[in-house]
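Peer 1: Using the sequences and the accompanying hints, generate a full structural model.
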Amino acid sequence: MRNRRITYNALIWLGMIVAGLLILVQLQSRIEAVEKGPGAELELLWVPDIRVVHGLALGDDNTAADMLWLRSIFYLAEQHPELDHHHHHGEECPVCHGGSFGGEKHTHTADNEGHSLPHVHNNSIEGKIFGDPDTTITDEEISGNYDPLDFRHNRSLKTLLLYDVNSGKSLHLYRLLNTATDLDPMFASVYYQGAMNLGMIEGRYNEALKLINKGIKARPDRWEMHYYRGFIRLFYLNDKAGAAIDIQTAALKPDAPVIVVQLAAALQVGIGNVDMALEFLRSLIEVTDDPVMREKIHNMLEVYSKLVGKDDENLH
Amino acid sequence: MGRLNRINAVLQTTFRETIRNKILLHMIGFTIVMFGLAWMIGSWSLGESDKIITDLGLTITSLVGVIIALFAGIVLVWGEVERGTILPILAKPLPRWEFILGKFFGFGGSVLLVYFGMCLILLLQLVMLGRPCNTEFFWAIYLSAWEIIIIIALAVMFSSFTSPSLAALFSLMLFVAGRFSGDIRIFLQYNPEAGSKPLLEAVYAVIPHLSYFNIRHAAVHALPVQWEQLLLSTAYALVYCTIVLVIAMLSFNHRDLA
Numbered sequence: 001m002r003n004r005r006i007t008y009n010a011l012i013w014l015g016m017i018v019a020g021l022l023i024l025v026q027l028q029s030r031i032e033a034v035e036k037g038p039g040a041e042l043e044l045l046w047v048p049d050i051r052v053v054h055g056l057a058l059g060d061d062n063t064a065a066d067m068l069w070l071r072s073i074f075y076l077a078e079q080h081p082e083l084d085h086h087h088h089h090g091e092e093c094p095v096c097h098g099g100s101f102g103g104e105k106h107t108h109t110a111d112n113e114g115h116s117l118p119h120v121h122n123n124s125i126e127g128k129i130f131g132d133p134d135t136t137i138t139d140e141e142i143s144g145n146y147d148p149l150d151f152r153h154n155r156s157l158k159t160l161l162l163y164d165v166n167s168g169k170s171l172h173l174y175r176l177l178n179t180a181t182d183l184d185p186m187f188a189s190v191y192y193q194g195a196m197n198l199g200m201i202e203g204r205y206n207e208a209l210k211l212i213n214k215g216i217k218a219r220p221d222r223w224e225m226h227y228y229r230g231f232i233r234l235f236y237l238n239d240k241a242g243a244a245i246d247i248q249t250a251a252l253k254p255d256a257p258v259i260v261v262q263l264a265a266a267l268q269v270g271i272g273n274v275d276m277a278l279e280f281l282r283s284l285i286e287v288t289d290d291p292v293m294r295e296k297i298h299n300m301l302e303v304y305s306k307l308v309g310k311d312d313e314n315l316h
Numbered sequence: 001m002g003r004l005n006r007i008n009a010v011l012q013t014t015f016r017e018t019i020r021n022k023i024l025l026h027m028i029g030f031t032i033v034m035f036g037l038a039w040m041i042g043s044w045s046l047g048e049s050d051k052i053i054t055d056l057g058l059t060i061t062s063l064v065g066v067i068i069a070l071f072a073g074i075v076l077v078w079g080e081v082e083r084g085t086i087l088p089i090l091a092k093p094l095p096r097w098e099f100i101l102g103k104f105f106g107f108g109g110s111v112l113l114v115y116f117g118m119c120l121i122l123l124l125q126l127v128m129l130g131r132p133c134n135t136e137f138f139w140a141i142y143l144s145a146w147e148i149i150i151i152i153a154l155a156v157m158f159s160s161f162t163s164p165s166l167a168a169l170f171s172l173m174l175f176v177a178g179r180f181s182g183d184i185r186i187f188l189q190y191n192p193e194a195g196s197k198p199l200l201e202a203v204y205a206v207i208p209h210l211s212y213f214n215i216r217h218a219a220v221h222a223l224p225v226q227w228e229q230l231l232l233s234t235a236y237a238l239v240y241c242t243i244v245l246v247i248a249m250l251s252f253n254h255r256d257l258a
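The listed protein sequences derive, respectively, from chains A and B.
At position 234 of the first sequence the residue is numbered 234 (this note's numbering), and the sequence of numbers has no breaks.
At position 36 of the second sequence the residue is numbered 36 (this note's numbering), and the sequence of numbers has no breaks.
If a hint is listed, it holds; no wrong ones were tucked in.
Coverage of chain A stretches by chain B, computed from C-beta distances (three or more under 8 Å per stretch; other residues unrestricted):
hint: 1; stretch: 55 to 61
hint: 2; stretch: 66 to 72
hint: 3; stretch: 185 to 192
Everything labelled a hint here was simulated from the structure, so no lab data went into it.
What you are looking at is a predicted structure, and each value in this text was computed from that prediction instead of being measured.
Each residue gets a CB set at the ideal place from its N, CA and C atoms; glycine is no exception.
Peer 2: Shown next as structure tokens:
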């Protein structure tokens, strides 16, 4: 009898807890719906002063910078939901007529009114220079290796290059990124990935350049800094000469991937400086020990030498 | 030898008591959950998961170690006094200062065991995820351990002459002030004419300079750590703990236990 009463009481308590949890879930969704209403964006716009963040972090500025970086990623995901549900693999792109990105096929979905969403038609640097729509560059070639678990990156970075810039969004992404880099000046990703986000998604080129210039001063050892500044200059500011210098500087960094070297040479050729491209490649082949890199540079010298109608002495 | 044996006896008893404390198990469980969270957060970071997992992992282990040191340390001596169990111990005879030392080493040993256990779990997590671990990672753990030892010494000192709530408050204030010691130094350096300078200088001299023991940025960015920095920081921790323990022993010697 006593056992039955204990079981009965336990069931009642358990039932109350379950009912309470269900009510909580309902309340949560109601509250979140209200949060998305007018004025909700003000919460996203609030970026604490660096002194406040530093104080709250109790000396762990690195961790605070990490949190601000994540905040900026979530901000982008919230402000640009269109980045999330495009580019399914396996279908041919009707907009760029079969071009592929990153070695994988992609597609564009329509917006709510059935219009195909805009994108940068030609998504490669070489294509931009030579007008070849079929030339592509991979994710790894742009920004190095990424963890396959980085699902936000896999969605967002791949779609970034296929989007026209949305302008008119808030200034506060820059403040988030700037504060993160003030807290942790060695945090390289924030500079170049943040600059790409600012430029490509938000359309804030001046702030993107400001951020990446800060990164060049803080992390002059990283090839990505000059590379991305060149990228922004080339694609969005139409400054081919400046882009050529930046990408060439990036190519001269010790761990720059071979694609950067290729692009640096291609850019010089693209702006008519074939001799400069040849000179650059010759100087690089002298200091490079990597046999794969040497072979690729050798091939480039062959190709570009033919453009000026002469054989290069380094080819023999 | 008799003295060492007596201290050792208190040390071992305190160690066993602390290790059996269920709060430690809960903290370890909490830490493991936080490591999982760090891994998940790192996966959202657009390619910076290495940095974030290492950053968060080191921060969590350090903070949890400090929390355990603070909140278990403040009742270390007070608990014995309140329960009255200290009187038969001191009647052995056991000098009061040996009791304090035994308590400090026993409690410190158990907290460090838990701390290094958490660091080992973090290391295993990083290894399983294929993340690189550099030498600076281990030096960061080493220096954080000294930070925890300083907090333990402070908690034992305050526990020896005041109530747990006041001991917690004072220890926490010193911990926070210690973490900001770098900022106080910069303020003093760049504001030589500040009116509060003498007071700040006095405060700066007394608070533990916990910023010396935070080299997590070096672990994350693989920045070289100089031997001189490691040796001087260790020496600073040893001297500071010695001073704090001497104060603890002196105050406990004169405390009325009736």
